[in-house]
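Novice: Sequence:
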Amino acid sequence: MGAQKGNFRAFDTYLKAIDEKACSKYHFQPRKNNASYQLRVRARCNSGNRGRVGIIIDGVERGEISNIKSADWQCYELSSNIKNLSSKVHLLILIQSDQRVEIDKFVLVAK
Numbered sequence: 001m002g003a004q005k006g007n008f009r010a011f012d013t014y015l016k017a018i019d020e021k022a023c024s025k026y027h028f029q030p031r032k033n034n035a036s037y038q039l040r041v042r043a044r045c046n047s048g049n050r051g052r053v054g055i056i057i058d059g060v061e062r063g064e065i066s067n068i069k070s071a072d073w074q075c076y077e078l079s080s081n082i083k084n085l086s087s088k089v090h091l092l093i094l095i096q097s098d099q100r101v102e103i104d105k106f107v108l109v110a111k
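Residues 1 to 111 (my numbering) are what the sequence shown spells out, left to right.
Simulated from the structure, these hints should not be mistaken for laboratory data. Please note that the accuracy of each hint is not assured.
DSS-like cross-link-like pairs, simulated, lysine-lysine; straight-line CA separation at most 25 Å [as the list claims (entries may be wrong)]:
{"no.": "1", "residue 1": "K5", "residue 2": "K69"}
{"no.": "2", "residue 1": "K83", "residue 2": "K111"}
{"no.": "3", "residue 1": "K16", "residue 2": "K88"}
{"no.": "4", "residue 1": "K69", "residue 2": "K105"}
Derived CB-CB ranges, DEER-like [stated by the list, open to error]:
{"no.": "5", "residue 1": "A110", "residue 2": "G6", "range": "17 to 25 Å"}
{"no.": "6", "residue 1": "A110", "residue 2": "F11", "range": "25 to 33 Å"}
{"no.": "7", "residue 1": "S36", "residue 2": "N7", "range": "17 to 25 Å"}
{"no.": "8", "residue 1": "G6", "residue 2": "S86", "range": "39 to 47 Å"}
{"no.": "9", "residue 1": "A10", "residue 2": "I93", "range": "27 to 35 Å"}
{"no.": "10", "residue 1": "K88", "residue 2": "A10", "range": "14 to 22 Å"}
{"no.": "11", "residue 1": "G6", "residue 2": "H90", "range": "34 to 42 Å"}
{"no.": "12", "residue 1": "R50", "residue 2": "I18", "range": "16 to 24 Å"}
Ideal Cβ placement from N, Cα and C applies to all residues, glycine included.
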């Protein structure tokens with residue numbers, strides 16, 4: 001007995017690196033000038049080893065989330081806030097340490 005046509009309740013969707021040089025790129029625009037944000041990521045690591053997600057904004061490394069070790073989805077935060085972003089369009093790059101790190105979602109929370 002399979003899923004009914006059009007029933008996607010049991011599906012997982014996530015970002016997964018296809019090789020060591022793969023990354024995910026997103027453009028975003030803060031709604032106000034000099035904005036500060038906290039980056040939160042919901043991720044898992046299938047290997048049982050610790051995985052990492054590197055964060056780059058506009059070509060500047062902003063740190064990494066380095067304690068991804070659960071095979072279950074967990075929420076992780078970048079340890080420092082992302083500060084003083086102008087209201088222009090910015091480029092956010094997420095770099096997974098390897099193919100076992102999977103990202104379900106990420107959010108920038110205004111501080």
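Novice: A separate judgement is required for each hint: does it hold in the structure or not?
Specialist: Do the hints match the structure? See the list:
1. A threshold of 25 Å between alpha carbons decides the hint, and for K5 with K69 the separation of about 35 Å lies outside it, so the pair is violated.
2. At most 25 Å may separate the alpha-carbon atoms for a hinted pair to count; K83 and K111 meet this at roughly 9 Å.
3. Restraint check for K16 and K88: not satisfied, since their Cα atoms lie roughly 28 Å apart, outside the 25 Å limit.
4. Under the criterion of a C-alpha separation no larger than 25 Å, the hint pairing K69 with K105 is consistent with the structure, at around 16 Å.
5. For A110 and G6, the Cβ-Cβ distance of about 36 Å falls outside the hinted range of 17 to 25 Å, so the restraint is violated.
6. The hinted window of 25 to 33 Å between A110 and F11 holds, with their beta carbons roughly 30 Å apart.
7. For S36 and N7, the Cβ-Cβ distance of about 41 Å falls outside the hinted range of 17 to 25 Å, so the restraint is violated.
8. The supplied range of 39 to 47 Å is met by G6 and S86, whose beta-carbon atoms lie about 43 Å from each other.
9. Checked against the hint of 27 to 35 Å, the pair A10 and I93 passes, with Cβ atoms roughly 31 Å apart.
10. Distance hint check for K88 and A10: the Cβ-Cβ separation is about 41 Å, which falls outside the suggested range of 14 to 22 Å.
11. Between G6 and H90 the beta carbons are some 37 Å apart, a value that agrees with the proposed interval 34 to 42 Å.
12. For the pair R50 and I18, the beta carbons lie near 21 Å from each other, so the given range of 16 to 24 Å is met.
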